[in-house]
Amino acid sequence: MNSNPSIIGTSPKRVDAREKVTGSARYGQDLRMDGMLFARVKHAEYPHARIRSIKTARAKRLKGVAAVVTAADIPGNPAFGAIIIDNQPIAGDKVRYLGDAVAVVAAETEAIAERAVDLIEVKYEELPGVFDPREALKPDAPRIHEKGNLIVHHKTRKGDVGVGFGEADRIIERSYSTQRVEHAYIETEVVVAYLDPDGTLVIKGSHQNLFNIRSAVAGVLGLPLSKVRIIQASLGGSFGGKDDCMAVLGCRAGLLSLKTARPIMLSNSREDSLVESYKRHPYFLDYKVGVKDDGTITAMEINIVADGGAYASMTQFVTWRSVVHATGPYRVPHVKTDIYGAYTNNTYTGAFRGFGSPQITFAYESLMDEIAGELGMDPLQFRLKNVLRDNDVTATGQKLDHTVSVGEALEVTTRAAGWDEKRKKFPEENAGRIMKRGIGLACSYRGVALGAEGVDATGAIVRIHSDGSVDLTTGLSEMGQGLKTIFSQIVAAELGLPIEKIQYRETDTSTITDGGPTVASRSTIIGGSAVRKAAIAAREKLGAAAAEKLGAPPAKIIASDEKIMVKGDPVRAVSFREAATMALDAGMNLSSFAWHVSPPIWWNEEEGRGDAYFTYVYGCQIAEVEVDPETGRVNVLEVWAAHDVGKAINPETVRGQICGGVATAIGYGLLEEVEMVDGVTKTMNLDEYLIPTAMDVGKIHAIILENEDKYGPYGAKCVAEPTAELCAAAIANAVCHATGKRIRDLPLNLERIVLGHKLVKKKRRVR
Amino acid sequence: MKKITLKITINGRKHTLRIDPNLRLLDLLRDELRLTGTKEGCGIGECGACTVILDGRAVNACLILAGQCNGREVVTIEGLTGKDDLHPLQQAFIDHGAVQCGFCTPGMIMSAAALLDQNPTPTEEDIREAISGNLCRCTGYTQIVEAIQAVADDN
Chain E
274 MNSNPSIIGT
284 SPKRVDAREK
294 VTGSARYGQD
304 LRMDGMLFAR
314 VKHAEYPHAR
324 IRSIKTARAK
334 RLKGVAAVVT
344 AADIPGNPAF
354 GAIIIDNQPI
364 AGDKVRYLGD
374 AVAVVAAETE
384 AIAERAVDLI
394 EVKYEELPGV
404 FDPREALKPD
414 APRIHEKGNL
424 IVHHKTRKGD
434 VGVGFGEADR
444 IIERSYSTQR
454 VEHAYIETEV
464 VVAYLDPDGT
474 LVIKGSHQNL
484 FNIRSAVAGV
494 LGLPLSKVRI
504 IQASLGGSFG
514 GKDDCMAVLG
524 CRAGLLSLKT
534 ARPIMLSNSR
544 EDSLVESYKR
554 HPYFLDYKVG
564 VKDDGTITAM
574 EINIVADGGA
584 YASMTQFVTW
594 RSVVHATGPY
604 RVPHVKTDIY
614 GAYTNNTYTG
624 AFRGFGSPQI
634 TFAYESLMDE
644 IAGELGMDPL
654 QFRLKNVLRD
664 NDVTATGQKL
674 DHTVSVGEAL
684 EVTTRAAGWD
694 EKRKKFPEEN
704 AGRIMKRGIG
714 LACSYRGVAL
724 GAEGVDATGA
734 IVRIHSDGSV
744 DLTTGLSEMG
754 QGLKTIFSQI
764 VAAELGLPIE
774 KIQYRETDTS
784 TITDGGPTVA
794 SRSTIIGGSA
804 VRKAAIAARE
814 KLGAAAAEKL
824 GAPPAKIIAS
834 DEKIMVKGDP
844 VRAVSFREAA
854 TMALDAGMNL
864 SSFAWHVSPP
874 IWWNEEEGRG
884 DAYFTYVYGC
894 QIAEVEVDPE
904 TGRVNVLEVW
914 AAHDVGKAIN
924 PETVRGQICG
934 GVATAIGYGL
944 LEEVEMVDGV
954 TKTMNLDEYL
964 IPTAMDVGKI
974 HAIILENEDK
984 YGPYGAKCVA
994 EPTAELCAAA
1004 IANAVCHATG
1014 KRIRDLPLNL
1024 ERIVLGHKLV
1034 KKKRRVR
Chain Z
-13 MKKITLKITI
-3 NGRKHTLRID
7 PNLRLLDLLR
17 DELRLTGTKE
27 GCGIGECGAC
37 TVILDGRAVN
47 ACLILAGQCN
57 GREVVTIEGL
67 TGKDDLHPLQ
77 QAFIDHGAVQ
87 CGFCTPGMIM
97 SAAALLDQNP
107 TPTEEDIREA
117 ISGNLCRCTG
127 YTQIVEAIQA
137 VADDN
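So the sequence lines, in the order shown, correspond to chains E and Z.
In my numbering, each number is its position in the first sequence, counted from 1, plus 273.
Heads up: the second sequence at position 61 corresponds to 47 in my numbering, and the numbers run straight through without jumps.
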């Protein structure tokens, strides 16, 4: 039995749009419950210190205070973590950054809780801090965690770089650095914790990865997983950012709820969020490349140090993605890459859209332009000479068995942007004008989904009701990316229904088994495959029920236009609703659960090689900029962004992802930096942490490339993250084209453009 | 703290309320009246998630004391929505894919509504300027600008 998936590749309206445009969507901050208390956090006063004593008596005596908890009140594990168990929701003996909590208060109002926090007295023994990951790795550096400051070392090895450099006509060495940036979702982190009458602890809030949060809360609060229920409220943006920090909020609020038996709201202010929530890793990158005079790359040796901050969080995974992709999408016969993640007393770093790729892409794509410049080649031609093609072998030794479209992306994008003409014309025109014009490009490849990071599997439940309406449940999260709509489209396609008949149920850990996190741009390819399987299984049952009545074998029956009908004979049909009723009356189960596991892949950590991902996506972005050399102002006039998504299930949503990713990368390239001085955050709100406004983002031309992949539903791969990893490099290359200045450190803010270095704020204690 | 009396029209409805003098307009809307479509993202007037229309002009409700609104008229996203029909801007945001996480959407629509009330035929530059106080981290603004332009084109 088949269907007619005509809705695939069209752009029906988002299923969650109406509630969002009317303001009726319920976000975490909109939740209220009877008897609800408000929590506030007493944060650390030193970035690295031993806690000597905590006195809470005065805070507890304040009228309206219901509870004050410290680490001593934690009934379960003191910490949680993805691999290294080091993140303490409330610090016990030691604080490691200024976002650590030493106590948490619940009170009748937020104002009372705030006053109570000020009444808590903590005595510390200040310890020397480490704020640069390169310093942290030195043998005499102060130890932040007992096992030392090295979180992880990953490597990639291919061929023999000695041989490769020997074959080269030139060796080019360059160093780059990237900055700490904030997700800057417009909704800050918030949870409401409460107890169901059966004793289940419920944490509802701005969650991205519900099952991670459940594990952390259950472990820290000493509860079985079955007694912890995580529910997602409408999520006001996440971009990888509402994972560990939401577990922290969940543990804190959950503990207070257990203590008081009342609902607890814990909501981070923007200032709390900037200090406490994890950021994107700053990287220090050293590249050495061997190249022949004809432009052939012979070898690359790469050394990278990542600032993990106070806790490991996703550092192992982020840096692994970097080590796999660090050469960029190029044929390099000899590769030696090492990456080290180190603890510091800075705000910890973790997942952020791109996940270890925006940093390396900035470096290797700046580098490609620099090499092309040294060789006197056009940056496009230099790349076209070296990019990976079908059946090529990557830096990790993986033979690519799908359509390798980075060359296509380069060609399509440069054609759309008028590359050849502008590269030639702008330098001539710039001589006579004040505002200097430039155009630059960047391209990348990106492993889809989790890869060899771990198990990659997820489930979906499709339930057909007696009236022909349908419920869809998965364990994955809508964050704004359009997952509810894409998944509903898949069910509608397979069941032959209009999308309005599909109801996407809210995401709740008590309704479906753990299907992993909503990360790594895995939802469409892994989650979509599970959804499709579940829908097909449900449809088969309808077909079986209707086959007898329609007098045709199930193989001849299709679901289309809200009917179950004989293929090629639409008169012989029953309505979808009738078929559902018939099946239910026959005692059939019209609920189906399906599970999808990614194809096999492998990684040898010892040898630094493997088939890291089961497929890859490719993209290219071009930025055209205008630079004011007097003020350092860079205007991004236009961006062309081509991304191979396999198949665009919903093109308008894909376009939204591309435009959004480009804007995020413009911020990364030009404006954004969470400035920290000796562990103290200097950018405390959105007046100091600048993200692009509508006037900072020029015209974006989204170009969708479709080379269908055998592993994706309808050939679809992914789009979310690759869109955010390119534009910072494209802008740096465009600025160089405009001004002749090569800037190797992000962001390219006013001072870097004019002075060539950053300005540092004076020290000021903010807490 | 001594309460003050506030007479205010919100979404066409007249209210007489006893409020704390330090109550922000945002808190009045969200906490007292439970009009939660108006969001809080920064508390310092930078993100625009709390944008409402006060006497015809788009303002940040986090920067205005409720007491300053005595005798004045406020429209929130809830007031823009008709009984059966959506406001043309709301419909255009849906039609043009201008909504992702949706957290900035109410404020964004209120800024756009204020713009179109004052200037029914704005240029793209006018639109970008009018929403430059509303931060969006999801969309890159492209489809938002297109949605507002489409409504303007119908004017």
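These are computed hints drawn from the structure, not numbers from a lab.
No residue lacks a Cβ here, since even glycine has one placed at the ideal position from N, Cα and C.
It is possible that some hints are incorrect.
Claimed, not checked - Residues on chain Z that point at chain E, a partial pick, calculated with CB under 10 Å: (1) GLU32; (2) GLY34; (3) GLY42; (4) ASN56.
To be verified - Per the computed footprint, the stretches of chain E lying under chain Z, defined by three or more beta-carbons under 8 Å from a beta-carbon of chain Z, are: (5) 505 to 512; (6) 957 to 963.
To be verified - The list that follows gives simulated cross-link-like pairs (lysine-lysine, BS3-like), each with its CA atoms no further than 27 Å apart: (7) E:LYS286 - Z:LYS(-12); (8) E:LYS336 - E:LYS532; (9) E:LYS396 - E:LYS1014; (10) E:LYS328 - E:LYS286; (11) E:LYS983 - E:LYS840; (12) Z:LYS69 - E:LYS774; (13) E:LYS396 - E:LYS658; (14) E:LYS336 - Z:LYS(-12); (15) E:LYS336 - Z:LYS(-11); (16) E:LYS972 - E:LYS695; (17) E:LYS565 - E:LYS658; (18) E:LYS1014 - E:LYS561.
Taking the hints in turn, this is what the structure says about them:
1. A cut of 10 Å between beta carbons decides the hint on GLU32 of chain Z: the least distance to chain E is about 4 Å, and the hint holds.
2. For GLY34 of chain Z, the interface hint holds, since its Cβ comes within 10 Å of a Cβ in chain E; the closest pair sits about 9 Å apart.
3. The beta carbon of GLY42 of chain Z is not positioned within 10 Å of any beta carbon in chain E (closest approach about 20 Å), and the interface hint is therefore violated.
4. The interface hint given for ASN56 of chain Z is violated, since its Cβ lies 24 Å from the closest Cβ of chain E, which is over the 10 Å cut-off.
5. Note: the region 505 to 512 of chain E has 6 residues with beta-carbon separation from chain Z under 8 Å; the three-residue rule is met and the coverage holds.
6. Residue count for the region 957 to 963 of chain E with a Cβ under 8 Å from a Cβ of chain Z: 3. That meets the three needed, and the coverage hint holds.
7. Restraint check for LYS286 of chain E and LYS(-12) of chain Z: the C-alpha separation of about 50 Å exceeds 27 Å, so the hint is violated.
8. Under the criterion of a C-alpha separation no larger than 27 Å, the hint pairing LYS336 of chain E with LYS532 of chain E is consistent with the structure, at around 17 Å.
9. Annotation: proposed proximity of LYS396 of chain E to LYS1014 of chain E is violated, straight-line Cα distance about 50 Å (limit 27 Å).
10. Straight-line distance between C-alpha atoms of LYS328 of chain E and LYS286 of chain E comes to about 55 Å, which puts the hinted pair past the 27 Å bound.
11. About 26 Å separates the Cα atoms of LYS983 of chain E and LYS840 of chain E, which keeps this hinted pair within 27 Å; it holds.
12. Straight-line distance between C-alpha atoms of LYS69 of chain Z and LYS774 of chain E comes to about 23 Å, which keeps the hinted pair within the 27 Å bound.
13. Of the supplied pair hints, the one linking LYS396 of chain E and LYS658 of chain E is violated, its CA atoms being roughly 62 Å apart against a limit of 27 Å.
14. Between the alpha carbons of LYS336 of chain E and LYS(-12) of chain Z the distance comes to roughly 20 Å, so the proposed pair stays at or under 27 Å and holds.
15. Straight-line distance between C-alpha atoms of LYS336 of chain E and LYS(-11) of chain Z comes to about 21 Å, which keeps the hinted pair within the 27 Å bound.
16. The hinted pair formed by LYS972 of chain E and LYS695 of chain E meets the criterion: a straight-line CA distance of about 17 Å does not exceed 27 Å.
17. Taken as a hint, the LYS565 of chain E and LYS658 of chain E pair is honoured in the structure, with Cα atoms around 12 Å apart against an allowance of 27 Å.
18. Between the alpha carbons of LYS1014 of chain E and LYS561 of chain E the distance comes to roughly 21 Å, so the proposed pair stays at or under 27 Å and holds.
Checked against the numbered hints given earlier, the structure breaks hints 3, 4, 7, 9, 10 and 13 and satisfies all the rest.
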